[in-house]
Every structure is written in C-alpha cells, then in structure tokens.
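A.B. asks: Sequence:
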Amino acid sequence: MPFSILRHTSFGLNSMERHGNKRTKTIFDFFKSSGEVSKVGNLSPSVIEASSREETRPLESPTREVYVDYNSLERDPGLRTPIRQYSPHRNSVQSVENLSNVTRHIDRVINAQTSEDVRKNRLRLKVTSEVVRWLSLQGCAVRGHREGSTSENRGNLIEMLKLMGRLNVNIEDVILDNAPGNAKYTSPNIQKEILHIMANMVRKKIREEIGDKKFCLLVDEAKDAGGKEEMAIVLRFVDGQGSIKERFSILSSRKHICFNT
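Just so you know, the sequence shown maps onto residues 1 to 261 in the UniProt record's numbering.
Listed next, the in silico BS3-like pairs over lysine-lysine satisfying Cα-Cα at most 27 Å (straight line):
(1) Lys126 with Lys205
(2) Lys120 with Lys192
(3) Lys184 with Lys162
(4) Lys120 with Lys184
(5) Lys192 with Lys228
(6) Lys126 with Lys162
(7) Lys214 with Lys204
(8) Lys126 with Lys192
(9) Lys223 with Lys192
(10) Lys126 with Lys184
(11) Lys245 with Lys204
(12) Lys204 with Lys126
(13) Lys192 with Lys204
(14) Lys162 with Lys120
(15) Lys162 with Lys192
(16) Lys192 with Lys205
The calculated label-pair distances, taken between Cβ atoms and stated as ranges, are:
(17) Gly240 with Asn178: 48 to 54 Å
(18) Asn91 with Val238: 54 to 60 Å
(19) Ile250 with Glu152: 31 to 37 Å
(20) Gly139 with Lys205: 15 to 21 Å
(21) Glu147 with Asp239: 41 to 47 Å
(22) Ala199 with Ser149: 27 to 33 Å
(23) Glu159 with Ser95: 46 to 52 Å
Please keep in mind that the hints were generated in silico from the structure rather than gathered at the bench. Using N, Cα and C, we set each Cβ at its ideal position, and we do this for glycine too.
Please model the complete structure; the sequences and the hints are all you need to start from.
C.D. replies: This is the structure:
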C-alpha cells in the first residue's frame with residue numbers, strides 16, 4: 001500500500017493506541033490538509049477521500065498502515081539519544097561495577113579469605129585493641145621485659161589476652177598460639193599503631209570540644225629514667241558552660257630543652 005507508515009519500535013505504541021482514536025490522523029489526512037496532495041504522486045482523489053473517511057482499525061501486520069498520534073510524538077534531532085547506546089558509556093559502567101565488587105579485586109583473589117577467617121581476624125584485632133585501650137587508660141605499660149614463651153610474666157598485654165581467653169572460649173580459639181603467625185596482632189609495631197590511632201581520635205575529640213573558642217598552651221618538661229627530656233603539652237580553654245578545662249595533647253621527646261627547640 002503506497003505511503004503507508006510502518007510501525008517503529010521506538011514509538012512504543014500499545015494495543016490501545018493502535019485502535020481508533022479521534023485525534024489520530026493518517027498520512028493521507030496530513031497531505032490533504034496541508035494542500036500538498038498534488039505532490040504525493042499518482043493518487044486519485046477517490047483513493048485519498050476513501051482513505052480519509054476510512055475508520056481506524058487495529059494493526060494486523062507490520063506492513064499495514066499505523067495510525068500515529070502526532071501530538072504524542074517528540075521530535076529528537078539526535079541530541080537526546082540515550083547515552084547507554086554508546087560503547088564508552090557501557091565500558092565506564094562496567095568498570096564502576098567491577099571496582100565496587102571488592103571481592104573480585106586481584107589482591108583479594110590472590111589472598112582469598114573465607115568469611116570465617118575475616119570474623120576471626122576482626123575478633124582478634126578487637127580484643128587486642130580493647131586491651132591496649134584499657135592499659136593506656138590506667139597508665140600501665142603495654143610491653144614486658146621478657147615476652148618469650150618460656151617467661152612466667154610476658155607483659156601486661158599478653159597476660160591480659162590470656163585472661164580474656166580463659167573467660168571466653170571464642171576468644172581463646174583465635175588469639176596467641178591459636179592465631180596465624182602473621183596475624184597475631186601482638187607485635188610492638190601493631191601496639192604502637194593502635195595507640196597512634198587512638199591518640200588521633202582523642203585529639204579530634206578535643207578539637208571538636210574546643211571549637212572556635214580561645215585556648216592557651218601549658219608546656220612542662222622533665223627527664224625520664226633514661227635521661228631524655230620529655231615535654232608535655234596541655235590545652236587549656238573555657239567550655240560553653242564557662243568551666244575551665246584542661247586536656248592533655250601530646251608528650252614530645254627532645255634531646256635538649258631550650259628556647260630554640
């Protein structure tokens with residue numbers, strides 16, 4: 001059939017829109033109303049009149065006429081083409097999905113760990129952190145003079161871990177001798193790192209407490225048992241209730257305490 005409009009998937013016509021609609025127009029009505037009938041081709045007036053009077057009917061096959069509601073169509077010069085159709089966008093989306101999937105990272109694939117291993121590591125680190133925090137709060141030494149397996153007193157940290165293991169079987173199964181050799185979390189470096197993280201958390205809390213209020217520094221020095229000069233820095237300020245507060249900030253070691261240092 002000449003000048004018939006074929007159905008296009010992007011129009012999104014459903015069964016209701018393909019049935020009769022008073023607002024729909026055929027291509028023949030368009031040419032007739034615009035005065036361009038003579039440019040259509042060798043169509044007789046009777047064919048055009050018959051087409052214009054013809055009742056709208058359901059689409060039976062893709063090669064038959066489709067009646068389109070021109071008011072519902074949106075002109076798109078190509079600027080609003082969905083970006084998902086372009087391969088660079090698809091590649092970017094796939095890259096983001098791969099990055100979000102932490103379990104498939106190359107380091108995780110090489111060092112694959114089960115959920116049970118992760119649970120044990122977290123419990124082991126949590127217990128060590130709590131022991132270090134409690135010893136720091138009480139002002140006790142973390143390490144001992146002799147921490148070997150044959151020593152009767154291996155230091156406050158290890159002895160406290162043993163005590164917690166005796167009180168809780170789940171803790172005993174993951175600490176000290178029951179822990180992997182590379183993940184015991186009891187080495188001096190681990191102890192210092194935990195203390196450093198806790199100190200930064202305390203300093204951050206002090207800064208939030210001071211805010212934009214005025215403060216002053218109190219500095220004092222003394223020699224320790226090894227003859228090193230230890231300089232203590234304390235922050236003094238007035239809180240929102242008008243009370244004077246003093247917060248210890250840092251303890252710094254200096255070879256010599258003088259005006260320049």
